[in-house]
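Enquirer: Residue-level listing of the chains:
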Amino acid sequence: MTPLLERLWFGAITVLGVTIIVFVLSRLVGDPAALMLAPDATAEDRAMLRAALGLDRTIFEQFLLFLRDLARFDLGTSLWQKRPAAEIVLERLPWTLALAALAMLVAALFGTTLGVLAALRPGSLLDTGATLAALAGLSAPQFWLGLLLVYLFAVELNWLPSSGAEQASSIILPALTLALPAAGRIAMMVRSGMVEELNAPYVLTARAKGTSGPRIVLVHALRNAAGPAISITGWEAIRALAGYTVVVETVFAWPGLGSLAIAAIQNQDLVLLQGIVFTTALMVVALNIVTDSLQRMVDPRIGA
Amino acid sequence: MSASLRERPTLMAALLILGLLATLALVLPLLAPNDPTATSLRLRLRPPAWMERGLPAYWLGTDHLGRDVLSRMLNGARISVVVGLSVVVLAGSFGTLIGLIAGFIGGRTDAVLMRLVDMNIAFPGLLLALLILAVVGPGLIPVILVLSVNGWMIFARTVRGLVLTQRALPYVEAAILTGCRRRTVIAEHILPNLAAPLLTLGVLEFARVVLAEAALSFLGLGVQPPLVSWGLDVAAGRNYLSNAWWLVVVPGAAIALTVLGLNLLAGRLRIALDPREREKRFAARARA
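Each protein sequence line maps, in turn, to chains A and B. FYI, the numbering used here numbers position 271 of the first sequence as 271, with every residue one higher than the one before it. FYI, the numbering used here numbers position 30 of the second sequence as 1030, with every residue one higher than the one before it.
No wet-lab data here; the hints were simulated from the structure. Some hints could be false.
Unchecked claim - Covered by chain B, according to a simulated footprint, are these stretches of chain A (three or more residues, beta-carbon under 8 Å): (1) 17-24; (2) 137-147; (3) 230-244; (4) 275-281.
Backbone N, C-alpha and C define an ideal beta-carbon position, used for all residues, glycine too.
Required output: the full structure, derived from the provided sequences and hints.
Expert: This is how it looks when you write it as structure tokens:
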């Protein structure tokens, strides 16, 4: 099997795994029909709804029906908003994607620059500072970091809006909150990769041949250190989508999938929450495949 | 006893860390000057003692219910330690077991187990944790279970990798050749060699769990009041950010400092317990 096919296959299995978990959890809560009906519904109403939902079939048939619906991106009807969950998810999705994309762009640029600069002079003040900043960034809880930024830039300085998404500048603080810890981790990864590459024999050869310093760093070493950098950035994007955006969107009332997930929980809308988890699983798997392919493109050592 | 401890740096480090955590969980709450749950409407939202309107009895101020922020911070350590330790022990022992099985039996068992681990890692936790918590309901025990479900894979993967490298070493072959049973080889020869990397990983995971518990509690799906949790306190203080910054800053700083300390400790441990790292440092010193 080619690596791409293998990744696709593995992705499909992962989505199936998440689907099974979601399905099992949804049946654990008890009878979905009972949740959807008014307390004074008659036994007949119940039976009808159960038949309509397919709950009168065997659990295996129910699972197949569930899969069939998901394959059509039919995520069921939201218990809370009484309209298709897929519709609600698709309304919110662009907000989360915009936030995560901007944050990852900032994190990758900032993290790589900081990592390369730190690697050029290991043990220097810049290196120590960068390492400490990275460590601090990944030790601070993200919701706290976000609130500190709000306090500084919205409450004290009054430069940026503290929450919501009414203005274009609303995206800055949440994106920064999402980006900073990721940038720290990327910087540490790039730094250790670059230190290793800069000590490799080929760098010495390049130097001996009279290649300029910047060319060695930017063309030779960075290219070889790019593989791990791409993989960690992809991993950061995945973690952002499958978790961090929930926290950050909640802090900033950003109208994406993450804050929708919390609202769904507060309104006991398990159908909508399942839809969000399933959609996120699809995105995570897609991102995994993209990251993997990119890494293979820049680093021929992994093999096509 | 002390001599044998000195010969076992991993054991000593583990005991020291456990002692430190016990201190955090048991002694810090005793140091609290006030009852962390005592409310007082008269003393609401007082700033730290050094600021105007601050009171000397409340060093770090009071919250929106008039509760002492310092006492709540000291008491909050307990939940973090309880959750962190429980999750590391649960996830660590289960993951280690799976890793040992996968690494030792190999073949199809290994392939299936590692695929499961890959799958779990490919879909990282918080959202799935939220889904589970939404179904079973929030609380201390659910949080511990959910974070354990999320955390065992990294132990399994690490142990499997270590077992594979250790297995190839001559001492294992020698043990097998001298007629040791597989159980003896695993328990008496391989497991002790896994102790140091597992301890380091345990500390790193502890740090991750403290952050995760804080995030879940912040979102309202973790530990519930009247238990005192740093994440809960930040969430409660959020609404007063514009006029009472200390409600957010103090518990958040407690989380950040704890996690930072654990991360630094893990870095130190890795160097201190790895013979190769020790050699490197010795060589560096000899050269200098």
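Enquirer: Does each hint hold? Answer for all of them.
Expert: These are the hints, each one checked on the structure:
no. : hint    : in the structure
1   : 17-24   : holds (count 4)
2   : 137-147 : holds (count 8)
3   : 230-244 : holds (count 5)
4   : 275-281 : holds (count 4)
Consistency note: the structure conflicts with none of the earlier hints.
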